[in-house]
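Novice: Listed here are the chains, written in short residue letters.
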Amino acid sequence: MIQAYPDAIQIASVVREQEVSAKSIVAAALSRIADGNQRLNCFTTVMADSALADAEAIDRQIAEGKDPGILAGVPIAVKDLLDIAGITTLAGSKINAAKPPATCDATAVARLRQAGAVLVGATNMDEYAYGFVTENSHYGATHNPHDFNRVAGGSSGGSAAAVAAGLVAISLGSDTNGSIRVPAAFCGIFGLKPTYGRLSRAGSALFAGSFDHIGPFARSVRDLAAVFDVLQGADPADPVCTTRPPERCLPQLNLGIENLRIAVADDYFARGAEPEALEAVAKVASALGVKDRVTIPEAERARAAAFVITASEGANLHLKDLRSRPNDFDPATRDRFLAGALIPASWYIQAQRFRQWYRDRVREIFENVDIILAPATPCIAPPIGQEKMVIAGEEMLVRPNLGRFTQPLSFIGLPIISVPIQREGNMPLGVQIIAAPYNEALVLRVAAFLEAQGIVSAPVIQR
Amino acid sequence: MPDSPSLIPNRQIAEYVDRMAELIDLPIDPEYKPGIIANMTRIAQVAQLVNEFPLPDEIEAATIFTP
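Chains A and B, in that order, give the protein sequences.
Per full-length UniProt numbering, numbering of the first sequence is gapless, rising by one per residue and ending at 463.
Per full-length UniProt numbering, numbering of the second sequence is gapless, rising by one per residue and ending at 67.
So that you can see chain A by itself, here it is in the shape it has in the complex:
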């Protein structure tokens, strides 16, 4: 029996059992995209012909008695900064549109395809991943499936909205300062930002290499775990990719939360948010029986240091184009990139040194705590085009402040899942489940526990 909107594991299961062909699964996804993308604008490229051909190849493998993999026939999409062989990687920019097609798949794309996934397209994003809203002046804004007048979040907004709307089962995004966790929260789905360096970024357009991660969006925790397991493994093509052996997380999902020391982040992480964002954290804490609090010191400074490093590294990558063709940048990123190019070296180096100090303090915290809970965003998804918002009674700019709770954590590369809290009649919110580096298995276990309790879920939006 197939549910109306199954998760990836279930899709792959029925495809492998030949209950439904991969081709019909992919054709149905393409049909949903043709319809839904007109309203949502998730995709910058849809690869209908190659997707159907890939699906037929999966069906042939199954007919020949071969196992095409754990994601057999699952329709997936990837943020348009991951290379797809034969397609130009736009990275949300007009400038890159003139570049030649990628000659090979990004490592992550190749590994998903090897596991049987069928790539149906590339998804919209903020230009060069510099933003939290996916309001792109070249390719349009991506709309939130819960409310078309609101942003999907960014910078991986197209990937998040495509999963939330049921256009694909799985997608990949990238997270530098929150670009997986913010759109996952706003769109009401699961998003995993792994430990920095744990998954290969080879073949992706970098934004700020010190913090760039890639990771999956999904409708279930087991899908997140399955994709994470498929993507693990050393890759000499990414200089920061770990050589430690992969640790399979899917088999550990149901180990439960007994003996895990869990605490709610207080101080910085309990301020500067709308009440509902903190209520979402309280709901998760209550379900986990958590009463302990923990203080992450100097989180505000951590966010500041991440801001300086991001601006500096991001600008340097685009310096040639900033010199020769600044008019071709998105107005939402241009002035930030131009200013970032002018940052004094001592500010950048001081921020990198502070990163080490802060990492050491957080390591000390994880000697006494296994899991930390924090809001993913300070508020629900704001309306498209809104420049200012009021949070906790204070008026502030929308764009830079959506990353308040995500930025101090990706700054030191911690593994984090944003789990979705559905709120009847209201926009969804996300809660960050945070662990020490390389403890993806733990955050997945906690998320799986919450999912089993019905506290977090990611049903397809019916509109």
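In case anyone wonders, no lab produced these hints; they're calculated from the structure.
Wrong hints could be hidden among the right ones.
[What the hints assert, rightly or not] Here are the computed lysine-lysine pairs in the DSBU-like style, where the Cα-Cα straight-line distance is at most 35 Å:
#, chain 1, residue 1, chain 2, residue 2
1, A, K94, A, K388
2, B, K33, A, K23
3, A, K283, B, K33
4, A, K23, A, K94
5, A, K94, A, K291
6, A, K66, B, K33
7, A, K283, A, K99
8, A, K388, B, K33
Given the coordinates of chain A, assemble chain B onto it according to the supplied hints.
Specialist: Chain B alone, transformed into the frame defined by chain A:
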């Protein structure tokens, strides 16, 4: 992020933007200048939070360079 005024006067930020842009050969369209100054002012405010924090000398910026 701090919304308090920068300790560095706006005029100095504008001058810095002009001189640094010259030094690194980054032409600045006058149309973009107010936006760049606004962003640089914001970066300066934010960087001040980091720069004023005392760090022990032995704290080194980690590198991923492998010879």
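Novice: Which numbered conditions among the earlier hints are violated in the structure presented, ordered from lowest to highest?
Specialist: Of the numbered hints, 2, 3, 5, 6, 7 do not hold.
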